[in-house]
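Top line first, the protein sequences correspond to chains Z and X. Residues in the first sequence are numbered from 1 upward in steps of one, following the numbering used here. Residues in the second sequence are numbered from 1001 upward in steps of one, following the numbering used here.
Bear in mind the hints are in silico, worked out from the structure with no lab data behind them. Mixed in with the good hints there might be a few duds.
[As the list claims (entries may be wrong)] List time: in silico DSSO-like cross-link candidates among lysine-lysine, alpha-carbon distance up to 27 angstroms:
no., chain 1, residue 1, chain 2, residue 2
1, Z, K288, X, K1081
2, Z, K345, Z, K311
3, X, K1054, Z, K354
Quick caveat: nothing in here was measured; it's all calculated off a predicted structure.
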Amino acid sequence: MEQPDLLPHLFRTEYRKITSVLCKLFGIDHLETAEDIASDTFLAAFETWTYKGIPANPTAWLYAVAKNKAKNHFSRNATFTDKIVQQVKDSTPLEIEIDLSDQNIMDCQLQMLFALCHPAISTEAQIGLSLRILCGFGIDEIATAFLTNKETINKRLFRAKEKLRTEKVQIEFPGEDEIDKRLDTVVTTLYLLFSEGYYSESQNEILRKDLCLEAMRLVYMLVDNEQTNKPYVCALLSLMCFHSSRFDARKNDNGEIVLYEDQDDSLWNHELITKGVYFLHKASQGSKISRYHLEANIAYWYTIKTDTSEKWENILQLYNKLLQIEYSPIAALNRTYALSKANGKHEAIKEAEKLNLTSNHYYFALLGELYTGIDDKQAIQNFKQAIKLAKTESDKHLIQKKIDKICK
Amino acid sequence: MDEFILIFRHEDGLKVASPEQIQAWMKQTMDWIGGIAAQNKFSGGNGLPFADSKVVWHNNVVTNGPFGDIKETIGGYVIVKADSIDEAVGFAKGCPVLQGDGNSVEVRKIAKRDGIH
Chain Z
1 MEQPDLLPHL
11 FRTEYRKITS
21 VLCKLFGIDH
31 LETAEDIASD
41 TFLAAFETWT
51 YKGIPANPTA
61 WLYAVAKNKA
71 KNHFSRNATF
81 TDKIVQQVKD
91 STPLEIEIDL
101 SDQNIMDCQL
111 QMLFALCHPA
121 ISTEAQIGLS
131 LRILCGFGID
141 EIATAFLTNK
151 ETINKRLFRA
161 KEKLRTEKVQ
171 IEFPGEDEID
181 KRLDTVVTTL
191 YLLFSEGYYS
201 ESQNEILRKD
211 LCLEAMRLVY
221 MLVDNEQTNK
231 PYVCALLSLM
241 CFHSSRFDAR
251 KNDNGEIVLY
261 EDQDDSLWNH
271 ELITKGVYFL
281 HKASQGSKIS
291 RYHLEANIAY
301 WYTIKTDTSE
311 KWENILQLYN
321 KLLQIEYSPI
331 AALNRTYALS
341 KANGKHEAIK
351 EAEKLNLTSN
361 HYYFALLGEL
371 YTGIDDKQAI
381 QNFKQAIKLA
391 KTESDKHLIQ
401 KKIDKICK
Chain X
1001 MDEFILIFRH
1011 EDGLKVASPE
1021 QIQAWMKQTM
1031 DWIGGIAAQN
1041 KFSGGNGLPF
1051 ADSKVVWHNN
1061 VVTNGPFGDI
1071 KETIGGYVIV
1081 KADSIDEAVG
1091 FAKGCPVLQG
1101 DGNSVEVRKI
1111 AKRDGIH
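For reference, chain X alone in the conformation it holds in the complex (with noise of 0.2 angstroms):
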C-alpha cells in the first residue's frame, strides 16, 4: 500500500463566498474526508488559510501571501493510503473543491523512505 498527496488547487483563492456558501463546502469536505477514512485509506490531511502567508523568492525576496504574481494557490491537502494512483485518482475525483471551475487536484505519490525511492 502506498500512500498519495491530494493537492488542492484553487484557480483563484481570493474569491469571496457567501458564510452558506462556505458551511456548504465545509460539510462536503468533512463528509468526503470521512467517507475516505469510512474506507481505513486515510492518512492525514490539514487546510492552509490564506491568512498569514508568505512567499520567499530567489535573493530572499519575501512577499505578502501566495497571491499576485501567481493566481493559483494551493488550499489544502490530504494524504490518502492506496494500491495504485488509479486508486488515488478515484478519491480525488470526489474532492468538492472540483466544483469550482478551473480548480484541480493534484495527485502524487509520497516516496517511501526505503532507499529505493
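For reference, chain Z alone in the conformation it holds in the complex (with noise of 0.2 angstroms):
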C-alpha cells in the first residue's frame, strides 16, 4: 500500500465509531458482535486495498462495507434476527437502516462511554474497556499499558463484558436526574486514563502519548455536547492541557524523568498551555469547585516557571483546599513541598516528618530535599532511603545525582 500509516490510523478513528453505532442497534448483548463486524471491516479493508489501491474515500469505503456486513448479519443468523429485531422498531431484517451520519456517530459514542463507564463495572475494566472499544486499542497494547499480560486483559475484558449483560446496561444517554452522578464516574474513568498514560511506568512513549490525547478526546466529547458541558469536565480537559504541555520537557532521551525545576521551559507545549487556560475560564461558571478545578489551578501556577512567592502561596492554599477534599499521598507530599517555599523549611520538615509515609520513597526523597542546606548529613541519609524504596532504576538514579550534588 502506499500509505502504510492509514489502515492503523483509520483504524484508531473509525473501529470505535463502527462499533458504537452497531452496538447501540444491537444492544450491549451484541458488543461482542459489533466488535466483530468492525474487526471483519478492517480486514476487508486490508484484503482489498492491498490488491486494488486505496478508494477515493476511505472511510466512506468501511461505513459501506460495515453496513453490508452488518445487514448480511441479519439475514444469515436467523436467530440472532430474530431476537434483535424486534427490538430495532419498525425495521425488517434487509431493510435495517444504519445510521452512521456525524451526528449518529458523535452520540452512540457518548452513549457507549455511559454505558463502559457504568457504575457495576471495576473502575479497571471501565478503563480496558474504554481503550478497546472508544479509542481502538489492541489487547496488546492495553497489556503494555497496565504493565500486564495479554491474558488478564483478555479476561479483564471478558468478565467486565458478562457484567455489561447481567447487569442489562442500556446503551443510553442517563436522565437529567441521574446524569450528575454517572458523569462523576465517566469523569474518573477518564482521569485516570489519563493518568494511565502520564505516570505509566511503561517504556514505551508512543504509547503512553496516544493513551493521554485519547483521554483528552473523550474529555473533549463531552466538553462539546451540551448535556455534558459542566464546568467541572471543563477544568479536567484544562488540567489535561496543562499536564500534557510538559510531556515532551518530563522526560530526557534516555527516559528518565526530569524534575520539573530542571526542566528546559522551551520544550513546554505553549500552544496546549493557551487551551489550558480557556478551558479553566470556561471551568470558572457556577459555584462547586471540584477536584479538577484545584488541580487545574494548580496545574496553570506550574506553568509560570519563574519562582514567585505568590505562586507558592496560592499553590500551597490550592493544595489546603484539595487534601481537604481529595486526599492523596502525593498531594500530601507536593503540599509540603508548597509549604517549604511560601513558609520556609524548618516548617515544612516538622509537617513533613508527621506525615507518617515511610512506604513511600516520595516521602523520603522530600524529606532529603528539605533537609539539603539544613542539615547536609539528615538529607542524605533521607535520600539513601528513598533509593532503596525507589522501584525503577530511573527513580533511584535521579536521587543518587542528588546525593552527589551535596558531596561534590
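Work from the hints to combine the two standalone chains into their complex.
As C-alpha cells, this is what we get:
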C-alpha cells in the first residue's frame, strides 16, 4: 500500500465509531458481534486495498462495507435476527437502517462511554473497555500500558462484558436526574485513563502519549455536548492540557524523568497551555469547586516557571483545599513542598515528619530535599532510604544524583 | 479511629482586628487545616460568622447574636480523625485561635451512631 500508516490510523478513528453505532443498534448483549463486524470490515479493507489500491474516500468505503456486513449478519443469523429485530423498531431484516451520520456517530459514542463507565463495572475494567472499544487499542497495547499480559486483559474485558450483560446496561444517555452521578464516574475513568498514560512506568513513550491524547479526546467529546458540558468537565480538560504541555520536557533522551525545576521550558507546548487557560476560564462558571478545578489551578501555576512568593502561596492554598476534599499521599507530599517554598524549610520539615508515609520513596526524597542545606547528613540519610524504596532504576539514579550534588 | 470536634472559643468576639491581621490569621488557619488534611485526618469544619446570629432562650425569647450576656463566643470548628483524645489535643495545640489571650479550643469526642455511645 502507498500509505502504510493509513490503515492503523483509520482503525484508531473509525473502529470505535462503527462499533458504537452497531452496538447501539444491536444492544449491549451483542457488543462482541459489533466488535467482530467492525474488525471484519478492517480485514476486508486490508485484503481489498492491498490489491486494488486505496479508494477515494476510505472512510465511506469502510462504512459501506460495515453496513453490508451488518445486514448480512441479520439475514444469515436467524436467531439473532428474531431477537434483535424485535428490538429494532419498524425494521425488517433487509431494510434495516444503519445510521452512520456524524451526529449519530457522536451520540452513539457518548452513550457507549456512559455504558462502559457504568458504576457496576470495576474501574480497571472501565478503563480497559474504553481503551478497547472507544479508543481502538489492541489487547497487547492495553497489556503494555497496564504492565501486565494479554491473558489478564482478555479475562478482565471478558468479565466486564459479562457484567454489562447481566446488569442489562443500556446504551443510552442517562436521564436528567441521573446524569450528574453517572457523569462523575465517566469523568473519574477518563482522569484515570489520562493518568495511566502520564504516569505509567511503561517504556513505550508513543503509547503513553496516545493514551493521554485519547483521554483528552473523550473529555473533549463531553465538553462538546451540551448536556455534559459542565464546569468540572472543562476543569478536567484544562488540567489535561496543562499536564500534557510538559510531556516532552519531563523525560530526557534516556527515558528518565526530568524534575520540574530542571525542565527546559522551551520544550513546553505553549499551544496546550493557552488551551488549558481557555478551558480553565470556561470551568470557572458555577459555584461548585471540584477537585479538578483545584488541580487545574495548581497545574496552571506550574506553567509559570519563575519562582515568586505569590506562586507558591497560591499553590499551597490550593493544595490545602484539595487535601480537604480529596486526600492522596502525592498531594500531601506536594503540599509540603509548596509549604517549604511559601513558609520556609524549617516549618515544612516539621510538617513532613507528621505525614508518616514511610513506605513511599517520594516521602524520603522530599525529606532529603528539605534537609538539603539545613542538615546535609540528614538529607543524605533520607535520600539513601528513598533509593532503597524506589522501584525503578531511573528513580534510583535520579535520587543518587541529588546525593552526588550534596557531596560535591 | 474516632472523630473529635475542635470548637474554637473566642474570649471576646467583638474585638476588631486590622485587615492585615485578619489576612494573617486566615493564612495560618488554612495552613493549619491543610496540615491536618495532609495527614488524612481532616473530616470537616466551618467558620461561624457573627453576622446574622441570634440566641434563642427559655420561653422562646430571642436576642441578637451570641454577644451581650455571654461574652465568650464560638468562632468555628473542625472535625478531625484521631486514634485518641491525646492525638486530637495535639491537633488542637496548633490552632491559630490560641494565639489570642483567653481564647480556647474545646476538644470533644463525637458519639458514634453504633447504639452504644
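Comparing the hints with the structure gives:
Taking the CA atoms of Z/K288 and X/K1081, the gap is near 25 angstroms; set against the 27 angstroms cutoff, the hint holds. Proposed proximity of Z/K345 and Z/K311 is supported: the alpha carbons are some 17 angstroms apart, at most 27 angstroms. For the proposed pair X/K1054 and Z/K354, the alpha carbon gap of about 40 angstroms is over 27 angstroms, so the pair is violated.
Checked against the numbered hints above, the structure violates only hint 3.
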